[in-house]
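Each protein sequence line maps, in turn, to chains A and R. For the first sequence, the numbering used here assigns the number 1 to the initial residue and increments by one for each residue that follows. For the second sequence, the numbering used here assigns the number 459 to the initial residue and increments by one for each residue that follows.
Keep in mind that the hints were calculated from the coordinates and are not lab data. Careful, some of the hints might be misleading.
Said to hold, decoys possible - Partial list, computed: chain R residues near chain A (C-beta under 7 Å):
hint, residue
1, E586
2, L589
3, S592
4, T822
5, D1096
6, N1100
7, L1202
8, S1240
9, T1257
10, E1278
11, L1316
12, A1320
13, N1325
Unchecked claim - Simulated crosslink set (DSS-like; lysine-lysine; CA at most 27 Å straight-line):
hint, chain 1, residue 1, chain 2, residue 2
14, A, K69, R, K804
15, R, K793, R, K820
16, A, K37, A, K330
17, R, K1031, R, K1015
18, R, K948, A, K62
19, A, K66, R, K948
As the list claims (entries may be wrong) - With beta-carbon atoms standing in for the labels, derived distance ranges:
hint, chain 1, residue 1, chain 2, residue 2, range
20, A, K330, R, G814, 42 to 50 Å
21, R, S945, A, H449, 47 to 55 Å
22, R, D1209, A, H449, 55 to 63 Å
23, R, S945, A, K96, 51 to 59 Å
24, A, G197, R, R811, 54 to 62 Å
25, A, N412, R, C756, 39 to 47 Å
26, R, Q971, A, E281, 19 to 27 Å
Just so it is clear, CB atoms sit at the ideal spot from N, CA and C, and this is done for glycine as well.
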Amino acid sequence: MYRSRRDWLFHAGGGLAGLALAQLAAGGKTHFPAKAKRLILLFCPGGISQVDTFDHKPELEKHHGKETKGANTITPFFGKRGTVMRSPFSFQRYGKTGQWVSNILPHLSGCVDDLTFIHSMVTRSNTHGPALFQMSTGSIFQGFPSIGSWISYGLGSENSNLPAFVALPDHRGMPPGGVAHWGNGFLPAAHQGVVFGGEKEPIADLRPTGPISGRAQEATFRLLGDMNRAHLEAHANEDALDARIKAYELAARMQLSAPEVTSVAGETDTVREAYGLNDPELRPYAYNCLLTRRLIERGVRCVQLFNGAHFGSPRVNWDAHENLEINHGKLARVLDKPTAALIRDLKQRGLFDDTILLFTTEFGRLPISQGLGEGGRDHNPEGFTAFVCGGGFKRGFAYGSTDELGYKAAENPVTLYDLHATMLHLMGLDHTRLTYYHNGLNRRLTDVHGHLVRELLA
Amino acid sequence: MLLAAAVPILAAKCLACHNSESRVAGLDLSTRQSALRVVAPGDPAASKLFQYVSAGKMPPGKPLESADVAEIKSWISAGAPWGSEEKLVSARPRAGLDWWSLQSPVKPPVPAGAEHPVDAFVLARLKEKGLDLSSRADHRTLIRRLHFDLTGLPASPGDLSAAYEETLGRLMRSPHYGERLARYWLDVVRFGESDGGEHNNERMTAWKYRDYVIGAFNSGKPYTDFIREQVAGDLLAPGDPKLTAATGFLVCGPWDSVTKITNRDETFRRMGRQDELDDMVTTTFATFQGLTVNCARCHDHKFDPIPTRDYYQLTAAFHGITFGERDVSTGEQRKERDDLIAPLRKEQDGLKRELGDIEDGKRTALLAARYREIEMPRQAGAKHLQVNPVFNRNRFAPVTASKFRFVVTSNQVNVPPKIDHLELLPSGKSVTDWTGSKAATDDAPQILEIALDAPAMVNEIRWSSDRMRGVKDGAIRVYRFEYFDDSGWKIAGSMLDHEVPAEVALPEVTDAQLEAAIPESSRARRRELTQAIKDLQARIDAVPPLQTVHAAKLEPKMLPAFILDRGSVSQPKDEVRPGALTAIRQLDSKLPAGSDAERRLALADWLTSPKNPLTARVIVNRIWQLHFGAGIVNTPSDFGFNGDRPSHPELLDWLAVSFMENGWDIRWLQRLILSSRVYQQSSLMNAKAHAVDGANRLLWRMPVRRMDAETLRDSILAAAGSLNPEHGGPSFLLQKKEARGSYLYRALDNDGPAVWRRSVYKFAARGGERVFMDGFDCPDPSVATPRRSESNTPVQALTLLNNAFVLRQAGLLAARIEKESAGPARVTRAFQLLFSRDPSANERTQADEFIEQHGFALYCRALLNSNEFVYVP
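Isolated chain R, as found in the complex (with noise of 0.2 Å):
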């Protein structure tokens, strides 16, 4: 439900006084309750509220518009309905309803004195200071500029010689124009490829959203689209895995299976699904609203509008999905597979069951002879205990009964655990092929039971799970065996009595021996048959594999949610519906509380409804930071009272409405600010300006930017000649997980084409071991980096200089340059590849001699660390 349209005045023209904290004359207009005090429902006249400022009192010195005053008026007549809030939120010190981010951008006039919107509304603001642009930069300069803002690769060359608006046009069609944006898209959505966390597990196909944004940017599709696809892809096209993968962005953030899944403490389970959802609102308010609203998960938000309730009607949109691998195929190819595979499969049985005719009571046979071989030692309390899917045995003290029974407690997490052959000794009474109805847990343990006809003594057991493959699906992890005497069930033996045979000697027929084994007469046939089933399943193999990815996974039972007080899972309260955020009143914030698609969808809308206050700005700015390193707000994923201000708001709000206008078109929008003086304007320091300004917040100039993490390396690998400029797929790795059950991703020193493309595939492992990139802000993806540090240490300096990675590409880039040029014209060729431009006649002899001592390949290492090439101005 909507506010009543007075509650919005109050909270913007007399909550800063009158608010629950402040209490100016004992007053407090910010609940329902405790403005009863002053309003007298239905009956205007008898309230102090409406006497104070129909009568101009209040509030102090401002009187309120006489409009404001007939709401007001009207309101109180109506019974002063309240809306769904229960409490505004004051005026300060936090965001009340009338925050500036909250309200609808209006257009405003473009101010007099420049042809150029963006560069009338940053003069008007630099004039009131008395300060002016800088000068346009030199074409050389721009052109760089242009490059890597828009690609993130050095200019060649022969690039300097085109225009600039040329140029412009040029690079924004290049596949290279969508990497770039991808890249720094990536960070604002905490986008890697691995969970994080305990397990770290790696995500495979991760890559399919990261090539979801690429190709978003380079077919210049509509911002709006852009978001409804990232979170409903799936249902908006459900056929199309590429809008399936655009869900990625929902669940590419960290992700603890530790918590969630393994643990078997059911509190700390529902916290880790808790994290999962709190993760999804966090990252698609961030990123979209530039809200916190995360800080409303323990309590209503202390600094913008955001009551708790919000909160958790925002984690009830989200309720259907998980994180998660996503099956893709469609209805048709999965067909079209199982109609490939299933004759094939069916061909292959038969010959298995003829095979199994000739070789299985000659396997079983052998396997039982070398059983019986098998010295193992007692393994009881030396360490880990592993249950060994091939074989085991358990010894203890003889017991006769004719009841037995197998008691698993614990198994691998999630399916049921299985025993394929069980033998109780001496007497050689066995079973076969038992699998459990769930998975094994101390309260709900899974149990096998054995009867013999007649009692028999047993003191010793031998099992196994998977005997023939040692597939270690559901695992038994804690089992007992126990009998039944009069009394009830006694344990015979379990875990401590476990032997497990050491690895070399596990029991196995080998092929010879079988061979060895069968009749003569059967041997032509076996190997035919074998060879047979060898190339069916070879022929199944080729079949290409059902495609999935990481993307939204839909929960199977969609759960209620409710308010967490204190957002502890411990202590559920209300149960809530769906909804957006209250706060934007332009938009009705209740969402539908049916299905999945229902809520995802309704959520879509509301995020990109032109009536969303936020969704424009949000974007407008985090492209102006790109091409001014600063956002017009500086926290460009904060739009509440926490974050920047903007220091010119009016050409923000001309921005997000100009961008609306034109289709919510990126390109458009980059278009018009690089044709901009101010985006044109030199670097240079002015002593003036800079006394003034010193952050330089007006943009009296361009700053000077230095190169991120992997525009430095892209633009090495393009300098030296060896950048593999192929687009998509698989990420190339700079780190492997180490395997032997530890999780960490141990730098590789990879080398070669593979690894020698963009930047932007390299797997993003979270929380792996330190590659070239990592010293240089390139951040860990387990937290949202709306906005890159741009620090300066001797970690980077040594790294640059001595880095192998480096130092191969120094290396390659001289023999590039040897290979074109000879003598003096090696150090002009050098420049102009790294710097664009010719070196002085200083710079000559000061090459000459280094070369002449240390040669040309150290030279070039020493330019690729020059502030010169690291720089952009």
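Chain A with its partners taken away, still in its complex shape (with noise of 0.2 Å):
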């Protein structure tokens, strides 16, 4: 009655459709052949500067202090217009591909051979929220799928004893939005993320509150087993009964594969010194970052990490209105380790080649100093930097430039739906084809935009 499967997808609405789409990529049939199964999100919400870190200026030094003038002209989001700011960090050139990188990374400065940088990011919004949604979920309007749920509704999951989407925001509190970026949308809620609340408390729910025995727990799910086979029985071949009595199965199997993953306790101690583990300082970031390797491991199939919480006084994320030096420094100290150890682990463990990692941050800061002389740097959508590993990228590799200040992306601007559909593209699916009805459109990741980069491929 449908005249094409596509039909049929936006026709059969609901959970039908996302099931149907995930278990036909289960049988192998992507829209093209797979370069990467998993896909790592490393977001760093508050805004990281490129000029500090990744995108190197000299002539930041030469025109410290001078105005920006003409068509130049800044307008940042506070209002406040400084005069150029060098930065504060030195840079250096590493690895055999001699990528610049600023002092404050020392430990990823070790993994550029592996990594592939873009210099041009452009993104829509020059506002928080907007411009964070946007890097999460491809829409500046809050409550649109996250990358994750689109994952798991094109390609399902590899494990069946644990979910395919998971989200760890960072320890220091949820990112600015909260659970929009890795909210279903509107796609079923089979595609929410699953957040893993850290070492204490990995996943909400997994174990009564009360004081019930494993024994008690086994025969409950038991029970629930009989009597709902026997329900079924005089609702022969109800599909959605049916697929509740699994899910109970399946949970039953979570509660006892969880703990497993999450404890790290069977690591060895060269790994647990890698990450950083037996920094109190580093520890909870750490841990996050060995967890996502596990759960890759294990063949979840998007894990995304925060580095950087809300915008809680005093500051928790990197959006360094004021005293860039210090607030970069400080959240660049936990960044550094673990993140260069997860790349380095990825790799030894055969894990790099089909999983891809991204970096980055929903916006850049500004080369000027934000009002006068206080040492910070407003917002800046026009140009900043990402990078990407693993899964079919190029390494050692730098794509497009900003101006001489680092301001605008001048040479080959990337926009986040040009990533997201690059992204897709290596995990074998095509951005303009994963689509899901929603109020009068066939939905996409990547709205109507969005354009392969094929220079960023290896």
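Join the two chains, each given in its own frame, into one complex according to the hints.
Set out below in structure tokens:
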């Protein structure tokens, strides 16, 4: 009765379509042959300054203290126009490929030969809220499905005991915008990111809060299975009822398997040291990095990892409106070692080649100071740096550039839509065909935008 | 202007081939310009178009009716006017003006074969496929079904003995009826009680819209009134706060205060305003018209005949309103309040003056002494520079001048900066009570000038904005202090040198210190005065505050509307006047360009006109979906090309027209649907029918539905006997906004009767931390959800098994039953409460074994997790 499969998909609506697409993909039928099976999204809320990390701009030194004029007059978010500000950090070339990294990231600078830098990222808003939502969902409006939800919808899970999509918020707090970052939007709830909440209580409601013995819990699962199967006999061939029986079976297995995944007790001293687990300041983020590897290893499709939290005071994310030297210095120390360890670990365990890691922030920061002499920088959606690695991306490569001050993307601007399209491509999905009908449109992660950036592919 | 009658004929009959994309034979009839190739205005005989259609050559094989040919002839004779449409959209790959949902519904004859019209239409389609309705479900199932559908609560064991019709009538009169329908409506209109976005502020009065909706359903309000009040209730009855609350509809969606207000970039602020208008227009047309007009924001709608011009005309209808809190008190109430407060305040002021005479001199002296004691670390560059309302110090290299000024370049938004005390040191020259004229910016700084009689050396300033109360209104954020010398103004000090006291060191004068400083003779009077002022304040505070509500707030100034090229605020094109949709040819799309009231009232009339082909169809379909899980059109907010085609178009039209004939009465419609055999049939699977129509679009059975999130939570509460049935009022909280500068709603594990209310009363935060219901497809209100998904996940299983809420309620359920019955009777009672039936012998044995080992409470918890409890057959 439907003219095409696409018609059927959007007319079926609800959970059916999601299930169908996931199952198609599970049978190996992605749109293209997939280079990558898994995705790690490392998001740094607040806005990391490109010119103080990866986008080295010697001109800032030269023009330090001068005003920007003419076409380059800059309108900052808070309206306080300062003067050109040099980076408080020093830069050096690293690796065989000679990429610039500032001295606040000594461990990541050792990984540059494995990374592809994109120095010409642009985004649509200079305001945290919309820009953050675009980072996580492609849309500047709240309520759209997150990248991980699209991946779960498109590819399903590789592990029947664990969710397809896990979110690991920063230990210092939830990201601004909260659960919207891993929300399923209009996709069925099955594609929602499941939050693992740190070392102490990894998964909400994994175990009963009361004093219920393991034996009683097992007996409950048995009783429920018996009752539900008897009920199903009276409602023969009712798929939904059958699916719910299976969901309880999976829940029972998750109860058993999750503690094994979330405990790092069995990791060697070398690994613990490499991630920084022995350093109390690094430990919570280091644990999340190590957990990311453990989840990826066990077939979780997408892990969304945060470095940086909400807009509290004092600052617990990268939003360096005041003293950037202190803010970025402090946050970079937590970011650097565990992230570098994760990249190396993926390589050592043979996971690097079919896992994509995306490192990004919602926007960059301006090359001028915010106001006069406060040592901070305001928001900059016109140019910033992201990096990707693994899963079919080039190694030791830099793409695009900003102007001489590091303000606007000059050469080969890349939008988040482009980046999302390219990641989907490597995972075997055509961003124009990964769609879901909602309120009048076959919605996509990339809306009506997005181009594959072939130059980034190995 | 209405389109010429012939143009829709072209749209319907010719454009499938002769459109701007296909251009069969090189002909494009979608614009007047391109149609002139075959049309000679004023001369039908010379027009190829007329020659072809009159000869029956076109459309090939399907010649036009003679009336249509005549219409085309007279149209050409009249000069081929085209109307306001520049372009007719083609019939494929997108909808034209001939699209089914844009045509007026006509009541079709009821097919033979059944007495009940709903049955007759459904049976007719089933018979085409060789199928039939299923047999009637048993009485118990039907009573449960009615309860869940009409109230969202389970039937109690006593309800089962009542007859079907009687139950139907009783449930429609229950106050729970409105709560059930409202929950569904609130999904459709994306009702939330926080702004969303970065700041995500609470809307503490948004619940009044929710209560309006519940009340509207419970009072059986005609649907047309329901629409009119939501679009323009404030204008229909200016004195009635409830009807102003109804306009909460327009502004209950997400709103980004940061882009709209905090942002200093004018372009982004204009974008914020445009997003605001977009949200109102989108929701209004998706809700009442089932159209996705928002697609026309950047370009003509790609699938439906909605040009960008229409979209901007629609936004113009809303230019008079914005998001916010609205004072809904009447002039009388305000006067009443003023009359109560004024004499109290007057008396209080007199006492304050007298107290001031006793205290002020001493207090100032004491404060001055305290200020001198404060030692402060120099804050420059160390951390976020905070200006303290009570005390700030700035030390700099000495300068000598006779003219100084304090330049504010940024302060908290929307109010002018103020300084209540500024002292130059070491001279001691001071200024008090200065307020700027407006909020300060880099480009328009606010300046306080200080002129001395003679040049003096200054190396320090101390200042405060509200030294007595510490209120931060208009707090200064960035300033510099300048002096004047021969060559002009120079900076002496700025935020760089700014110092603030550590919190502990804030200067204050304690009551004891003040008491000690005051002469013995005045102390008794001072105590009397203090007490009297306090008492008066308590009486002032006791006067009820003015009522406000989160509803459509009036814009002080209505700006003109422009078509924005590609939706960009920096590229305005033609100015447009307010208007509705030109594709609805049954109605004049022009709206008055006058006041906000004229615009919105006219739009409300347009939406509720019986000539509007969409309004009745769309709501009839929503109600149908409420009872069958899927609509006749399965995309309830999209009746356009990209939406679903109706499974039973005649039934939809018959229902739509009958609904209008019966006073747009929703209860009439439900009574009709629920009295049909279609609704009362069994939900059991039928392999033969399933093979023909797997999706059950033809309704050969009743679908099995999982309880939605709210019904599930409410049913658990009801079964446990803990449901608090209180109706209306402020929402209860399962999440709380985290203070301290972060903007997240943290999940709370609140317990007790205050939160054991129906879930429709739960505070609907946007983007909050997960609570019990979220895993069960309860949507975040950031986007409209005209139809929820029904997913099935292990996370749901874990939640329903292990969540503290469920465990506690299972315990209460067990305790409730054990109070009423003992031994094996407990199991019977549990089955009756949860499944409306008695247990079988087998189930009893199973239960006894489990209870013996693990206790009755855990048994109850298992029952709450069972498929039989969670699914409505």
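Tested hints:
For E586 (chain R), the interface hint is violated, since its Cβ never comes within 7 Å of a Cβ in chain A; the closest pair sits about 12 Å apart. Contact between L589 (chain R) and chain A, as hinted, is not supported at the beta carbon level, the nearest pair being about 14 Å apart and thus beyond 7 Å. Interface restraint check for S592 (chain R): the shortest CB-CB distance to chain A comes to about 13 Å, outside 7 Å, so the restraint is violated. The beta carbon of T822 (chain R) comes no nearer than 32 Å to any beta carbon in chain A, farther than 7 Å, and the hint placing it at the interface is violated.
For D1096 (chain R), the suggested interface contact is upheld, since its CB lies about 4 Å from the closest CB of chain A, less than 7 Å. A cut of 7 Å between beta carbons decides the hint on N1100 (chain R): the least distance to chain A is about 5 Å, and the hint holds. For L1202 (chain R), the shortest C-beta to C-beta distance to chain A is roughly 5 Å, which falls under 7 Å, so the interface hint holds. Because the closest C-beta pair between S1240 (chain R) and chain A is about 3 Å apart, less than 7 Å, the hint holds.
Taking 7 Å as the C-beta contact cut-off toward chain A, the hint placing T1257 (chain R) at the interface holds, the least distance being around 5 Å. Taking 7 Å as the C-beta cut-off, the interface hint given for E1278 (chain R) is violated, the closest approach to chain A being about 23 Å. Annotation: interface hint on L1316 (chain R) holds; nearest CB of chain A at approximately 6 Å, less than 7 Å. A hinted interface residue such as A1320 (chain R) counts as satisfied when its beta carbon comes closer than 7 Å to some beta carbon of chain A; here the least separation is about 5 Å, so the hint holds.
The restraint placing N1325 (chain R) at the interface with chain A holds, with a minimum CB-CB distance near 5 Å, inside the 7 Å limit. The hinted pair formed by K69 (chain A) and K804 (chain R) fails the criterion: a straight-line CA distance of about 57 Å is larger than 27 Å. Among the hinted pairs, K793 (chain R) with K820 (chain R) is inconsistent with the structure: their alpha-carbon atoms are about 39 Å apart, more than 27 Å. With a C-alpha separation of about 34 Å, the suggested pairing of K37 (chain A) with K330 (chain A) is violated against the 27 Å cut-off.
Distance hint between K1031 (chain R) and K1015 (chain R) is fulfilled; the C-alpha atoms sit about 21 Å from each other, no more than 27 Å. With a CA separation close to 25 Å, the supplied pair K948 (chain R) and K62 (chain A) stays within the 27 Å bound. The hinted pair formed by K66 (chain A) and K948 (chain R) meets the criterion: a straight-line CA distance of about 18 Å does not exceed 27 Å. For the pair K330 (chain A) and G814 (chain R), the supplied restraint of 42 to 50 Å holds, since their beta-carbon distance comes to about 49 Å.
About 54 Å separates the C-beta atoms of S945 (chain R) and H449 (chain A), a value consistent with the hinted range of 47 to 55 Å. Against the hinted window of 55 to 63 Å, the Cβ-Cβ separation of D1209 (chain R) and H449 (chain A) comes to about 47 Å, which falls outside the hint. Checked against the given bound of 51 to 59 Å, the beta carbons of S945 (chain R) and K96 (chain A), roughly 56 Å apart, stay inside it. Under the hint 54 to 62 Å, the C-beta atoms of G197 (chain A) and R811 (chain R), about 58 Å apart, fit the expected range.
Taking 39 to 47 Å as the suggested C-beta distance range, the pair N412 (chain A) and C756 (chain R) does not conform, at roughly 25 Å. Distance hint for Q971 (chain R) and E281 (chain A): a CB-CB separation of about 44 Å, inconsistent with the stated range 19 to 27 Å.
Checked against the numbered hints given earlier, the structure breaks hints 1, 2, 3, 4, 10, 14, 15, 16, 22, 25, 26 and satisfies all the rest.
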